[in-house]
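These protein sequences, in sequence, are chains C and A.
The opening position of the first sequence corresponds to residue 1 in our numbering, with each subsequent residue numbered one higher.
The opening position of the second sequence corresponds to residue 1001 in our numbering, with each subsequent residue numbered one higher.
These are calculated hints, taken from the structure and not from any lab test.
Keep in mind that a hint or two might mislead.
Listed below are the simulated DSBU-like cross-link pairs for lysine-lysine, each with C-alpha atoms no more than 35 Å apart in a straight line [to be verified]:
1) 111(C) / 178(C)
2) 1197(A) / 60(C)
3) 178(C) / 232(C)
4) 1171(A) / 1112(A)
5) 1197(A) / 1208(A)
6) 1197(A) / 1112(A)
7) 232(C) / 217(C)
8) 1112(A) / 217(C)
9) 1171(A) / 178(C)
10) 1056(A) / 60(C)
11) 1161(A) / 1171(A)
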Amino acid sequence: MSEAASTSCVVRSGQPDYRRRARLARFGRAVSIFLGSLVLLAYVLAPVAWLVSSSLQTEKEIVSVPPHWIPEEPTARNFQAIFSAGEEQVTYETRKTTDASSGGYIPPTAKNLLPAMRNSFLVATIVVILNLLVGTPAAYAMSKIRYWGRDASMYFLLMTRVVPDIALVVPFFLVIRKLGLLDSIWSLVITYLAVTVPFTVFILLQYFDGLPDELDKAARVDGCSRFQALTKVFLPLAMPSLVAVVLFAFLTSWNEFLFALMFTQTVHSQTLPILVASFTSDFTISFSFINAAGVVAIVPPIIVAVVFERHIVSGLTAGAVKG
Amino acid sequence: MSTFDATAGRSGAAKRRFGYEERSALLFLLPVMTVLMAVAVFPILYSLYLSFFDVKLTRPNRTPFVWFDNYIDVFETPLFWTSVLRTVSFTVISVAAVTVIALLVSLLLNEKFRGRRLLSTVLLIPWAIPYVADALMWKWIYDSGYGALNGLLHQLGFIDKYVVWLGDQNKTIWLIANAFVWKEVPLAAILLLVTLKAIPEDLYQAAKVDGATVWRRFIHITLPSMRPGFMLVLVYETMVAIRHFDLFFVLTEGGPGDASHTLSWHIYVETFRSLSFGAGAAMSYILALITFALAYFIIRTVGRVN
């Protein structure tokens, strides 16, 4: 340390020298930031770009060697097949006519993609609503009411997330079978609640803790009941964390795979990930179609992530600061 | 605490255990407790109970109580030990790579430059998409006939002919780990970035005045200050990696051979292909215990030393 300090003092004509060095350092910093950003962008975007590019290629183009990085004759054929599959019956005979160049292998299950998307949306929406209904009062109570057993309820919440999901599959399966809910979206709503509710309470709890206790007291002095204090005073203030909760519950439900794999069987309840995964194990299906299905599955979460970036980051880091 | 006493006194409740506060809290907590009792606590206990019985769906009417036989059987199965080995290598590779890459990314995003916000938004994409889509994407990239990895390496002249990437037992775990790391880096980077931002600027100024080089400032200020962030990332990523299932299901189904036969895959096969629910439940509890022990170990070693 002292060496570095002394050299800059010893050099008599040091002004231009350390200035040059400072300029060099600034240049080096700019270059490394630029290169770092470039590498990061490529790392994150290249795989996704390749997925999108493949989804727009014809059957003939996608099996070219070397691969065409950018489709030469882009086609929306795969997406048409997904979004208009209802009217169109894809059979062994007709699929040959759909893509003249090769006989594009679009599976007959393509028509299940839209219902699967609807199931995914329904499940996610119901889970979000139930999370808010159940989570907000709990977080309010744990943050603003000084009751006996407050710490215990915190540990209780934590404990429910310690056991791996795969351990819960069997008991869930038996219970859901007994309730006759197999192959119903309600089986997923029930299981996703178990996964999301503790997390929801934690995000909200963190936020309520940041709001002054005096607010609660003031509201109560003014004649509000606890319930009114929550709905009229705290909820409007807690909007950012409520948005975070909505996003998390939505994305978790949209992306979940293991439980959906176990409890859904048909188009009545299959969610998007299940259908997409079933395509990947079928070797007769066109790669470009599978990739199109993949694109359909990633577009909604990406939109959510990009639009609500700020809320997501604040939600992700809610517990991290104290951590 | 003082608030508690004041209100308790006002409502005149002599019984501190269940006064006015407790009653209103109970009302607010009732929904959450009911839901969690039904959808979390009950399944957890039920699966623990199952692990002591020999439950097979192929033989639904006879489910004898077998004490710890399920647990003992698990340890006597060679494939179980293989799966432990695979899980360990997957977890170690993934967590190490996630932590290192996330550290680099967080250092980059901690700098102030034009386009930083755009970059951090783009970074959220892998985090947001489903694991199934992540798996599908990498499966197509690794494809032996027409995949991007083969195409790129061939065009650049690194390989002479196309490679069956996922068919190579020595590479499988690494390739799956890569798909895992790609999706986990954003969250880890964001968590590390929070602790980076919390480091007071004065520390750096003081070190600069003392003539500390960039490298020394990094080693002596940045890294030690990030300890809470590292702990969080290590605990979280270890827990996620050790239980991971989706990628193994879509990419390899435990293969080739048993090259990616991890513990979670083993539990899945045992439970839903052999339909031995008792054995599956027993293994799940072993996995839960391992996870818990590891998390505890990391918190004790990384978290406490100061």
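Here is how each hint holds up against the structure:
A distance of roughly 31 Å separates the Cα atoms of residue 111(C) and residue 178(C); the hinted pair therefore holds under the 35 Å criterion. Only pairs whose Cα atoms come within 35 Å are accepted, and residue 1197(A) paired with residue 60(C) is rejected, the gap being roughly 51 Å. Distance restraint check for residue 178(C) and residue 232(C): the Cα-Cα separation of roughly 42 Å exceeds the 35 Å cut-off, and the hinted pair is therefore not satisfied. This hinted pair does not check out: residue 1171(A) and residue 1112(A) have alpha carbons roughly 39 Å apart, beyond 35 Å.
This hinted pair checks out: residue 1197(A) and residue 1208(A) have alpha carbons roughly 18 Å apart, not beyond 35 Å. With a C-alpha separation of about 12 Å, the suggested pair residue 1197(A) and residue 1112(A) falls inside the 35 Å cut-off, and the hint holds. In summary, the hint linking residue 232(C) to residue 217(C) is supported, as the alpha carbons are separated by about 13 Å, within the 35 Å threshold. Of the supplied pair hints, the one linking residue 1112(A) and residue 217(C) is violated, its CA atoms being roughly 42 Å apart against a limit of 35 Å.
Among the hinted pairs, residue 1171(A) with residue 178(C) is inconsistent with the structure: their alpha-carbon atoms are about 43 Å apart, more than 35 Å. As the CA atoms of residue 1056(A) and residue 60(C) are separated by approximately 48 Å, the hinted pair breaks the 35 Å bound. For the proposed pair residue 1161(A) and residue 1171(A), the alpha carbon gap of about 17 Å is at most 35 Å, so the pair holds.
The structure shown violates the earlier hints numbered 2, 3, 4, 8, 9, 10.
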